[in-house]
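Novice: Letter by letter, the chains look like this.
4 protein chains.
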Amino acid sequence: MTKKKQIVAIGRAAVDLNANEMNRPMEETSTFTKYVGGSPANIMIGTAKLGLDVGMITNVSDDQHGKFITNYFEKIGVDTSQIHVDENGHKSGLTFTEIKSPKESSILMYREEVADLYLAPEHVNELYIKNSEYLLISGTALAKSPSREAVIKALLLAKKHDVKVIFELDYRPYSWVSEEETSIYYELVADQADVVIGTRDEFDMVERYKPLTDKEISELLFKSTPHLVVIKHGVQGSNAFDKEGNVFEGKAFKANVVKTFGAGDSYAAAFIYALVKGKSVEEALKYGAASAAIVVSSHSSSEAMPTVDKIENLIKEQS
Amino acid sequence: MTKKKQIVAIGRAAVDLNANEMNRPMEETSTFTKYVGGSPANIMIGTAKLGLDVGMITNVSDDQHGKFITNYFEKIGVDTSQIHVDENGHKSGLTFTEIKSPKESSILMYREEVADLYLAPEHVNELYIKNSEYLLISGTALAKSPSREAVIKALLLAKKHDVKVIFELDYRPYSWVSEEETSIYYELVADQADVVIGTRDEFDMVERYKPLTDKEISELLFKSTPHLVVIKHGVQGSNAFDKEGNVFEGKAFKANVVKTFGAGDSYAAAFIYALVKGKSVEEALKYGAASAAIVVSSHSSSEAMPTVDKIENLIKEQS
Amino acid sequence: MTKKKQIVAIGRAAVDLNANEMNRPMEETSTFTKYVGGSPANIMIGTAKLGLDVGMITNVSDDQHGKFITNYFEKIGVDTSQIHVDENGHKSGLTFTEIKSPKESSILMYREEVADLYLAPEHVNELYIKNSEYLLISGTALAKSPSREAVIKALLLAKKHDVKVIFELDYRPYSWVSEEETSIYYELVADQADVVIGTRDEFDMVERYKPLTDKEISELLFKSTPHLVVIKHGVQGSNAFDKEGNVFEGKAFKANVVKTFGAGDSYAAAFIYALVKGKSVEEALKYGAASAAIVVSSHSSSEAMPTVDKIENLIKEQS
Amino acid sequence: MTKKKQIVAIGRAAVDLNANEMNRPMEETSTFTKYVGGSPANIMIGTAKLGLDVGMITNVSDDQHGKFITNYFEKIGVDTSQIHVDENGHKSGLTFTEIKSPKESSILMYREEVADLYLAPEHVNELYIKNSEYLLISGTALAKSPSREAVIKALLLAKKHDVKVIFELDYRPYSWVSEEETSIYYELVADQADVVIGTRDEFDMVERYKPLTDKEISELLFKSTPHLVVIKHGVQGSNAFDKEGNVFEGKAFKANVVKTFGAGDSYAAAFIYALVKGKSVEEALKYGAASAAIVVSSHSSSEAMPTVDKIENLIKEQS
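Which chain is which? The protein sequence lines are X, P, Y and G, in order. Throughout the first sequence, residue numbering follows our numbering, covering 1 to 319 in sequence. Throughout the second sequence, residue numbering follows our numbering, covering 1 to 319 in sequence. Throughout the third sequence, residue numbering follows our numbering, covering 1 to 319 in sequence. Throughout the fourth sequence, residue numbering follows our numbering, covering 1 to 319 in sequence.
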């Protein structure tokens, strides 16, 4: 029997085009450097660099950008056997980024009829899900059909085969028809996941969570399937809750900030790495924070993902 | 405080146009009679005629057909406070029926961009769900957005307020993008309903149920929320299963068949009536079968819905 | 060589459902009678009944309604060799009519994704156009792609083979995206037609015509291809203009009005019949007016189309 | 009264992202340089650099890319008063280019729901058209509604105000629904233009032209509005025909080819410049060929557009 993958993610893999000229608006930049991007892609790249055995379920364009994404995954060690190549001309998404200052950066997205949202239920392989320890669901993949149904199919299969589900809320307003739809699908999937991770702003997308404290949200979720809930508050750190009633406070690490994007994905990658490795929640929070601090200090989101050594050194330094 | 509604349905209310000339193909008929139609509408009309306090959550066209539907509900005693009138020109669905012979009838549907599938989450009122004992979900309402999300919202609200959910599979191929989508949403909602009712063909829409016996399907569902499962086999009768392990066999009643359509809705109306009234599952199966036998002997689906007396008389006659 | 068709029309053929109960709003009617409908279909039925050799280029549903339309054309003598049967499930359009009073009638249309607007360029046969004396273009067929392109193809083919083009404006707000689009395509096609017929309201859809008198509109058109322009003013009669500078005034005939719909189509049928038969414009105006008077006195639009005798008798009576 | 613009173009203005690393496939390139692109935009940039008073009618995205395009036009001297900024989130098109070798280059386009195809009739200003000597129509702008209708409106206005129309076929398969649609609209617009320019492959998109020789195509067009027809054959040179029966053969100039894209636009810019300046057709063909030779020898399409001096020097050199 094949060894199980430690984690597989379902969601988008896209292309980032980061302006090389910094500290000016994008209409005045003239050259860009290309990276693989997209939250779940970044997380898988991050966990692969940390040494986990991981894979990606997605749909990419049948062109040079699609090939670039797949080649990069292969180079880094993310399994690409479940990367479907679109047959109907859908393009891989693009994100142009500009860094106006360490605190002000903005993005310009091309996500119209984008390949990753055309991942379809028939592209989701039961055996692949079954042979994984964890399934990571990225919230953006719920934004549109047929990707939405592909995710729900993966979720039903994970439950059928007792695969643990991590729901990373990853809210991107661009792709959704309405906030009411987001609220409905986020609540539906959160109820059936084992671990739920997001920023407080992302949790607030669910109407029912909005009036609640972090603790109350976690208690509501513990009545359904979840047993671990992580709510992030940016530089204020993050709160984690487990079903046994423990509350963990995580602090943000000091960083020499170049730009803020990429922080969430690097946090998630290292947090998940720690979880999968059986470390305590307290440890996992430190891994997440350290990893985030490293990525915000560099130019890209995916290429800058740190190694275990780098993370553990930073933890030592700042403890 | 207002008294709770005994049951409210979410799904389509449409117009049936039944050919008056029988035993010939529709291209040769020349006049039609107009009735209210659509499975959940028929079921609510049926339960109202049986004396229950019921309501309908739907979206109708802003025209004479929409008015006709609403007027008819009011006449029969179905609460119309949650009937939304479409603001974007969507038309109420039409079903032309022809009766070629008692065994052969066919339908011709107009359901393109139809009003009922434009019922949206914002039309679903939390208080109305909360003030109901049962919520009836019609499977066809899951076929397309935004009706799909309106149904999921109603389901989440029902669970929040401990309202019991009946899922009537009511599969209509016309409205769905693919059978894979049907499978996914049917499994998702069935898992979270209290009572699941459908024909065996409808249960077979769920890939995971297909290879299973009726009993195995019910056992799988009992691992999640459901506690009662009814699987119908047409003239062969129906099987009901409860979580306690009881199995009930229901027989079809003899009838002077004019046409077969309308049978399922009249069955559901009387079965649900019996459930709500606290009768045993065995009794409920008889009510369903008797009601179906009465409706297949007449020209329409909605107007022919029987009274309690008629049903109980037929039960006596055929016992 | 085959004899040329005298006239072929391109545009919609649909189903009318006329309420049998008159003088009440449609939400209170309960039975309907079925007829073939749609302006160009009615005109072809009218000209066939008047004895012309005519044909219809359209797309109908692959169901009982489509068959009903084709069968009726065959019965009346309209050539159906160019009637395409839709392969993608598009339905033939429906028009429910109610007659509230002789002066007040209204219609309720089902034209969403309707078969006639899916007539495509590949359904237009060059030889068929070439073998016709006249091509009648119905304005509604310009409302949406691919029907719009099918019409433009037919127009380009008619010009290639010196087939005369009659443009019947036939404006129906329902099918158009915007009035600006109507203005653009009406001006484009009117410029290239030989004969242009419409009500003054329909001519006013063209922005450039709006500020002009009837005479000025005709003079503008005479700078391009047209040589005959007919502008109708309902009960006030109609004005016809020819390129030679002649002006003809047509009077409306007295009628025992049951309902007003169908008047335009019966007018066009008889007017075109007279043109094709080589009668003078003055005569043609009388034929049109007499035919309209006959149809508004009856229940349907298509079945009521008069014979030559009936028209000529009425002309005699009212001269 | 304001002086008339010498030429205004209607069609797309987009962003080119040219790979900096040459002679390798794009999946292996990592940096890109940004330029303004799109055939009519390039032509206007070219004519502006040659000293004409020109303007652009288009719709750009409301973001940094849209601003970049508009800023660049302003810098070069293309009037931007008719550049509409999209209000519905449509993005400006992107073209990634790779240069594998001087003979093999390919492009990757992002044109899904792209801003330029959302130029609408209401964005076309009658006075602006009226105050121009020439209107340049780019064929790609006919590919989809509402841009298609914006172009037809501009065409009707040009004819109303005796503005000369140049139709640059500029066929891009990506944007069209079908070749049959292209054929129909190209024939329709070519018939009503004064000057028609395209490659032989582009002329072949019109079914009716396909079996004809260059000369026969021009003769067919001369029966309608056109008086000058230019058919290009790449390195074999081009043929021009005028209504008086003259035939002109243009030769391609020798060039140190870096890549082939951009050749057509630079040809058109210089050819049109010569026409507007009242030079002979023979001269204009030389200007076109010289300009093309200059642009294919450089990295970009727009920035590389030559000055009059450069063109005239090359003409001298190679005569």
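Treat each hint with caution, since some may be false.
Note that identical chains are pooled: a pair holds if it fits in a single copy or bridges any two copies.
Here are the simulated SDA-like cross-link-like pairs (lysine to any residue), alpha carbons at most 25 Å apart as the crow flies [unchecked claim]:
(1) K243 to P102
(2) K159 to K243
(3) K210 to N131
(4) K75 to H227
(5) K144 to V177
(6) K210 to E126
(7) K310 to E180
(8) K251 to R208
(9) K130 to V189
(10) K254 to P102
(11) K130 to T213
Quick caveat, the hints were computed from the structure, so don't treat them as lab data. Since we're looking at a predicted model, the values are computed, not measured.
Novice: What label fits K130 with T213 when the C-alpha limit is 25 Å: within, between, both, or neither?
Specialist: Only across copies: K130 and T213 sit 24 Å apart there, 35 Å inside one copy, limit 25 Å.
Novice: What label fits K210 with E126 when the C-alpha limit is 25 Å: within, between, both, or neither?
Specialist: between (35 Å within a copy, 16 Å between copies)
Novice: Between the shortest in-copy and the shortest cross-copy C-alpha distance, which are at most 25 Å for K210 and N131: within, between, both, or neither?
Specialist: between (36 Å within a copy, 23 Å between copies)
Novice: Cα distance capped at 25 Å. Does K251 pair with R208 within a copy, between copies, both, or neither?
Specialist: Classified as neither: same-chain Cα gap 27 Å, cross-chain 45 Å, threshold 25 Å.
Novice: What label fits K254 with P102 when the C-alpha limit is 25 Å: within, between, both, or neither?
Specialist: within (14 Å within a copy, 50 Å between copies)
Novice: Given identical chains, is K75 near H227, meaning Cα to Cα at most 25 Å, within a copy, between copies, both, or neither?
Specialist: neither (35 Å within a copy, 51 Å between copies)
Novice: At most 25 Å between alpha carbons: which applies to K243 and P102, within, between, both or neither?
Specialist: Result: close neither inside a copy nor across copies, 38 Å intra and 60 Å inter.
Novice: Evaluate K159 and K243 at a C-alpha cut-off of 25 Å and name the case that applies: within, between, both or neither.
Specialist: both (19 Å within a copy, 21 Å between copies)
Novice: Is it within a copy, between copies, both, or neither that the alpha carbon of K144 lies no farther than 25 Å from that of V177?
Specialist: So K144 and V177 pass the 25 Å test inside a copy (8 Å) and across (14 Å) alike.
Novice: Evaluate K310 and E180 at a C-alpha cut-off of 25 Å and name the case that applies: within, between, both or neither.
Specialist: For K310 and E180, the Cα distance exceeds 25 Å both inside one copy (41 Å) and across copies (45 Å).
Novice: Checking K130 and V189: alpha-carbon separation at most 25 Å within a copy, between copies, both or neither?
Specialist: both (19 Å within a copy, 22 Å between copies)
Checked against the numbered hints above, the structure breaks hints 1, 4, 7 and 8 and satisfies the rest.
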